[in-house]
Amino acid sequence: MDLKVIEGIVEAVLFASGDSVSLEKLSVVTEIDKKTLKLIIDNMSISYNKASRGLMIRELDGSYQLCTKKEYGQYISMLYTSRKKQGLSQPALETLAIIAYKQPVTRAEIEKIRGVNPDGVLLKLLEKNLIMEAGRSDVPGKPKLYGTTEEFLRSFGFRSIKDLPMLEMNEIESVVAELPVD
Amino acid sequence: MDLKVIEGIVEAVLFASGDSVSLEKLSVVTEIDKKTLKLIIDNMSISYNKASRGLMIRELDGSYQLCTKKEYGQYISMLYTSRKKQGLSQPALETLAIIAYKQPVTRAEIEKIRGVNPDGVLLKLLEKNLIMEAGRSDVPGKPKLYGTTEEFLRSFGFRSIKDLPMLEMNEIESVVAELPVD
Amino acid sequence: MKSVLADGCILKLQNFEGPFDLLFYLIEKNKMEIYDIQINEITDQYMDYLFAMQELDLEIASEFLLVASTLLHIKSRLLLPKENEKQEEEMDPREQLILRLVEYRKFKEFAGSLKNREEEWVGVFYKLPEPVQLDEPEEVLLDLCPIKLKESYINVLSEFKEKMNDPSQKMNKIIEHEKVSLKAKMKDILNMLKIKAKVYFSEVFNLKANSRLEIATGFLGMLELVKLKKAYIEQENAFDEILIKTAGDFTLEFEEQNDYKEEVV
Chain H
205 MDLKVIEGIV EAVLFASGDS VSLEKLSVVT EIDKKTLKLI IDNMSISYNK
255 ASRGLMIREL DGSYQLCTKK EYGQYISMLY TSRKKQGLSQ PALETLAIIA
305 YKQPVTRAEI EKIRGVNPDG VLLKLLEKNL IMEAGRSDVP GKPKLYGTTE
355 EFLRSFGFRS IKDLPMLEMN EIESVVAELP VD
Chain L
205 MDLKVIEGIV EAVLFASGDS VSLEKLSVVT EIDKKTLKLI IDNMSISYNK
255 ASRGLMIREL DGSYQLCTKK EYGQYISMLY TSRKKQGLSQ PALETLAIIA
305 YKQPVTRAEI EKIRGVNPDG VLLKLLEKNL IMEAGRSDVP GKPKLYGTTE
355 EFLRSFGFRS IKDLPMLEMN EIESVVAELP VD
Chain V
102 MKSVLADGCI LKLQNFEGPF DLLFYLIEKN KMEIYDIQIN EITDQYMDYL
152 FAMQELDLEI ASEFLLVAST LLHIKSRLLL PKENEKQEEE MDPREQLILR
202 LVEYRKFKEF AGSLKNREEE WVGVFYKLPE PVQLDEPEEV LLDLCPIKLK
252 ESYINVLSEF KEKMNDPSQK MNKIIEHEKV SLKAKMKDIL NMLKIKAKVY
302 FSEVFNLKAN SRLEIATGFL GMLELVKLKK AYIEQENAFD EILIKTAGDF
352 TLEFEEQNDY KEEVV
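Residue numbers (the numbering used here), protein chains in the order written: chain H, 205 to 386; chain L, 205 to 386; chain V, 102 to 366.
Hints are not guaranteed to be accurate.
Stated by the list, open to error - Restricting the straight-line Cα-Cα distance to at most 30 Å, the calculated cross-link-like pairs of lysine-lysine (DSS-like) are:
(1) H:K254 <-> L:K239
(2) V:K297 <-> V:K328
(3) L:K208 <-> H:K242
(4) L:K328 <-> H:K229
(5) V:K262 <-> H:K328
(6) H:K254 <-> H:K239
(7) L:K348 <-> V:K251
(8) L:K239 <-> L:K273
(9) H:K254 <-> L:K208
(10) L:K316 <-> V:K249
(11) V:K346 <-> L:K346
(12) L:K332 <-> H:K229
(13) H:K366 <-> H:K238
(14) H:K208 <-> L:K328
(15) V:K251 <-> V:K284
(16) L:K306 <-> H:K348
(17) V:K331 <-> L:K366
(18) V:K297 <-> L:K328
(19) H:K238 <-> L:K306
(20) V:K249 <-> H:K229
(21) H:K316 <-> V:K207
(22) H:K306 <-> V:K297
(23) H:K254 <-> L:K306
(24) V:K284 <-> L:K316
(25) H:K239 <-> H:K208
(26) H:K229 <-> L:K254
(27) H:K254 <-> L:K242
(28) V:K284 <-> L:K306
(29) V:K295 <-> V:K249
(30) V:K297 <-> H:K254
(31) H:K332 <-> H:K316
Unchecked claim - Some chain V residues close to chain L (C-beta under 7 Å, calculated; not the full set):
(32) L166
(33) S170
(34) F226
(35) L229
(36) P247
(37) K251
(38) Y254
(39) V257
(40) F261
If you are wondering where the hints come from, they were derived from the structure by calculation, not from laboratory data.
Note that the Cβ used here is the ideal one computed from N, Cα and C, for glycine as well.
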């Protein structure tokens, strides 16, 4: 099949789906192997960068989704004033940060780090579909585990969890070793 | 404003709207007079004609709407049919759940639990290769027994039947205690 | 040192999210390094804050008190003369606290960057899926996921349980389980014939109390008795009462008659 046609199919399919579509499915639809298709989509993404395009292709955990470019958001908001989303509170952001890094993580672990009961915040994050239950821990009592969702990636502009900036946790120990004596 | 940027805004706004947007509104958003804007959109339509674009701009009674090109429609329906293959109806899923947890199990036992004749659903599950006949029961009439297949494991991402999610203790007490004894 | 109350306009007794939040505020206010906390000062200020909250009748969450006790414990340890250096192996409680603070700070910082990202990406818009018309009849489709499988199972079992708990269903079950056997009915009829030589079919049953199933079984039983020549029946006209008469033989050997053995209607 002509490369141009494949690009056209991908665009049409992503548009119609609205939601994210896995590379797997796109590969089935276009009959192009995943590796090649990924290259084609990456190349499409570059051509979307032109100012004349209002859309972009986002990669979300091995899936792709069409969305509008950030810089044109203000014009869309002009049409839909009511659609403005409310940002997360500081406790919610902190809890989300812990879950993002330590997932899958239990409620108790979150509480330990923040020093505060996280129940209310967890409920809110679940409602907003930013986190999900991710099975149960093996420790006694089999507490629920939490992890982040695709919606989390979408809302915060990550392609996958691997995109999270590294937190250098190991540096802590070396510094603490040299505690001043007062 | 740069012509390219105006094109970008129009595309973004039409995309986000999903519906058709009047020339009037687009003119307000872009701050371009309607006459000029119409020319710009007409020009955009031409550039959408390229095979590499899966979308087109439709003019509908002085409004504009983004939609997929007809020639790519078949690929979009493939997306939905391939989704169809991977999904199961609620009755099928329930029947499959009974078979998975109670296998090997007879048709009569399934009917007893679900309270509905399961023949149609069993046929579908057999067709989809999610279940198979697994010998015959010793009870009078020697009814056929059903069990799950390797395809079942593959579809749900199990390595073996032991991977089935365990029923929680409280679920077991309240529900499984009432299970028919076979 | 100024008390927190005196410092009230700076602190404004703002609602700290948790004890660490407050600790961070105090560390920053005192321009301390997190690895170089002056425990004495921080503990005093932390306690002042709690006292101030108390004076204002604000509820102090238990987590604040927990950290307060940790701080006081560290402070008291530091005040004690360091006589036994042997305790070195035991973890310095100050170290534990600092580790927790440092970890929390990392997440707090990341939360800040999440906030920026959230604002940055809020201007990105998505669209709803296109309504696609499929030729095939619509089915509600579910993804194949283990959790859904389990949920379906629990669901179907719960429904099954409900059905069992429904009293009308229970009655049906009881009736079904009532073993209305041919064998028993035949014995019943013979026993009645022992007492009276002639019995009307209707007498065999109390119509009000007995189910149709039982009547049918009785009818079959009666016919079987006739076949085995244990009884005769007479009926003058169609739909008339059937009269059952004894043949003088009241024995029934089911052991040889395997046909009846387990026959439950």
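Checklist entry - Which of the numbered hints are not met once you compare them with the structure shown? => result 5, 11, 14, 15, 17, 18, 19, 22, 23, 28, 29, 30, 32 and 33
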